[in-house]
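Top to bottom, those sequences are chains A and B.
So the first sequence is numbered by the working numbering: it starts at 1 and just counts up by one.
So the second sequence is numbered by the working numbering: it starts at 1 and just counts up by one.
In case anyone wonders, no lab produced these hints; they're calculated from the structure.
Just so it is clear, CB atoms sit at the ideal spot from N, CA and C, and this is done for glycine as well.
Please note that the accuracy of each hint is not assured.
As the list claims (entries may be wrong) - A few chain A residues that don't get close to chain B, going by computed Cβ distances all over 10 Å:
#1 Ala3
#2 Pro23
#3 Ser30
#4 Thr49
#5 Asp51
#6 Leu58
#7 Pro136
#8 Gly137
#9 Thr146
#10 Val183
#11 Ala196
#12 Val197
Said to hold, decoys possible - Below 30 Å or equal to it, Euclidean Cα-Cα: the simulated DSSO-like pairs (lysine-lysine) are:
#13 Lys9/A with Lys69/B
#14 Lys139/A with Lys9/A
#15 Lys9/A with Lys179/B
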Amino acid sequence: MRAYDPLVKQLLDGELTLAELPPELQAEGSEALRLLAAVDRRAVMLPETLDARVMDALRTRARTVSLTRRSLGWITEPWELRLRVRPWALGAALAAAAALVLVLRGPGGTISKQGPAATASALPESLLVRFVLYAPGAKQVGLAGTFNQWNQSATPLVRAGSDGVWTVTLTLPAGQHQYGFVVDGRRWVTDPAAPAVDDGFGRRNSVIAVGGTVRAGRVL
Amino acid sequence: MTTPRCGVLVFAAVACAGPLAAQGDVTARLVGRVPPAVVAAVRVLADSAAARGLPADPLVDKAIEGGAKGVAPERVVAAVRMVFGELDAAATAIRAGRVAIPDGETIEAGAFALAAGMAGPQVTELVRLSTDPYPPAATLRVAGTLTALGVPAPQTVELVRETIQSGRSGADLLALPAKLQSRVARGASPAQAAAGLARPDDARGPTPGQGKPDKGYPPRNPHRP
Chain A
1 MRAYDPLVKQ LLDGELTLAE LPPELQAEGS EALRLLAAVD RRAVMLPETL DARVMDALRT
61 RARTVSLTRR SLGWITEPWE LRLRVRPWAL GAALAAAAAL VLVLRGPGGT ISKQGPAATA
121 SALPESLLVR FVLYAPGAKQ VGLAGTFNQW NQSATPLVRA GSDGVWTVTL TLPAGQHQYG
181 FVVDGRRWVT DPAAPAVDDG FGRRNSVIAV GGTVRAGRVL
Chain B
1 MTTPRCGVLV FAAVACAGPL AAQGDVTARL VGRVPPAVVA AVRVLADSAA ARGLPADPLV
61 DKAIEGGAKG VAPERVVAAV RMVFGELDAA ATAIRAGRVA IPDGETIEAG AFALAAGMAG
121 PQVTELVRLS TDPYPPAATL RVAGTLTALG VPAPQTVELV RETIQSGRSG ADLLALPAKL
181 QSRVARGASP AQAAAGLARP DDARGPTPGQ GKPDKGYPPR NPHRP
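With the sequences and hints as input, model every part of the structure.
Right, here's the structure in full:
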C-alpha cells in the first residue's frame, strides 16, 4: 500500500507542475506521472475470433444436453421464423392486415398500443463503458450509481496490473447516469475524468451520458 | 340509487389506481434501503410530484442514493425535497420556453441543468432554442454537462445557440462535451475551450485527410477532467 505525498497528489490533479515540487519529491512525482501515463485508455476491442469461439462453445454444450432437456427446450424456446415477402403477395397481405384491424376494432373497439413501436422503445440502446480509477492504496474498489441502485458491491472493479489502476467494463443503457467509486467500502471518490454535480449530501456525483445520437426526437 | 353509486365507485377506483400503483412502486423500491420514515416522506413527495406532472423516479433514486451512502434520514429527505424543487423549477422554466406539457425526460434534463449551475431563465432560453431536430432534453443535457465541466452558464447558452443556429447536426451538438473535455485535457480552461468550440471551423473539427496543426498544448493529464 502506497500513500503519496499531498503535493504529489496535487501534481496528479494538475494543480502543480513537476518543476514546482520540492526536490525531494520530484522522483516520486515523476514515478507517479509515469504510472499515470502507462494507463491503457484504449477502447476495449473484442478479438475477431470471439464469435467463432462462442459458437463452438455453444455447439459443444448443445451436444452434451440431455434428450429430456432438449425436448423441453424445443417446446419452450423461441423459434426463428423466416418470411419471404413476394411482390404479388404484398397486396393480399395488406388487405388481410386491414381486415384484421377492422375485426379487432369492431364497432367502437380499440386496439392495444403495445405494437412494434412499444417493443422497439422497450429495447433501449446500450453501450459498453469502461471505468478506470487510479487508486494505488486501495484494497477494493466498487462502482455505484443510478444504474445499479447505488449498490456498492454490485459492480466491483478489478486491478489492471500492479500499478494501482482499477477498471471495470459494463453495459449501460442509453441516457444519463450519475455514479461514484467506493474505495475500500467506505470512501466515495468521483471520477476525475468525468463532469460532476452536487449530490445533495455534501459530496459530488460523476455524470456520464451514454449514447450519442438524436433520432426521431429522442435522445439515445 | 345503485347505478350512480357504482359509477362513482368505479370512477374513484380508476382515479386512484394510478397513484396507488405509483405509491406501491415507490414503497417497493425503497423498503429495506432507507428507514420507514424516509419511505413515508418520499411517498408523499412522489404523490405531489405526480399531481404536478413531475417524474417521481428521480426522488426515489435520490433516496436510494442517500441510503446507500449512509446519510442520516433527515438529510436524505432534505435532499429528496431539493430534487423535487429542482424538478418543479425545471418544469416551470421549460413551460416558459413554450413547451406546454413537458415530458419527464425533459424535466429531468432541465433539473440536471439547474443542478449543474444554470439558472431558470437560461433553461427557458435553451428550450426556446431547441427547435427540430434538437430535442429540448438533448439540448438541456448537453448544456448541463458543459456547465458541470466548468463552462460559465451564460457562455454555455451562447455555445449551444451558435451550434444550433449555424445549422450543425444533432450529433455535433451532442459531441460538444467530449470535444470540450479533449481541449481541457490539452491544457485549455473550460471557458477557453468553449470559446474555441463556438467558432464553427473549430467545432466541426478537421475533415478526414485535413488534420489541423497541433496548437502546442501541454500533454494530456488523464487524472484531470
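Hints versus structure:
no., hint, verdict
1, Ala3, "holds, 16 Å"
2, Pro23, "holds, 22 Å"
3, Ser30, "holds, 14 Å"
4, Thr49, "holds, 30 Å"
5, Asp51, "holds, 29 Å"
6, Leu58, "holds, 36 Å"
7, Pro136, "holds, 12 Å"
8, Gly137, "holds, 15 Å"
9, Thr146, "violated, 6 Å"
10, Val183, "holds, 13 Å"
11, Ala196, "violated, 6 Å"
12, Val197, "violated, 5 Å"
13, Lys9/A with Lys69/B, "holds, 25 Å"
14, Lys139/A with Lys9/A, "holds, 19 Å"
15, Lys9/A with Lys179/B, "holds, 26 Å"
The structure fails hints 9, 11, 12 (numbered hints given earlier, in ascending order).
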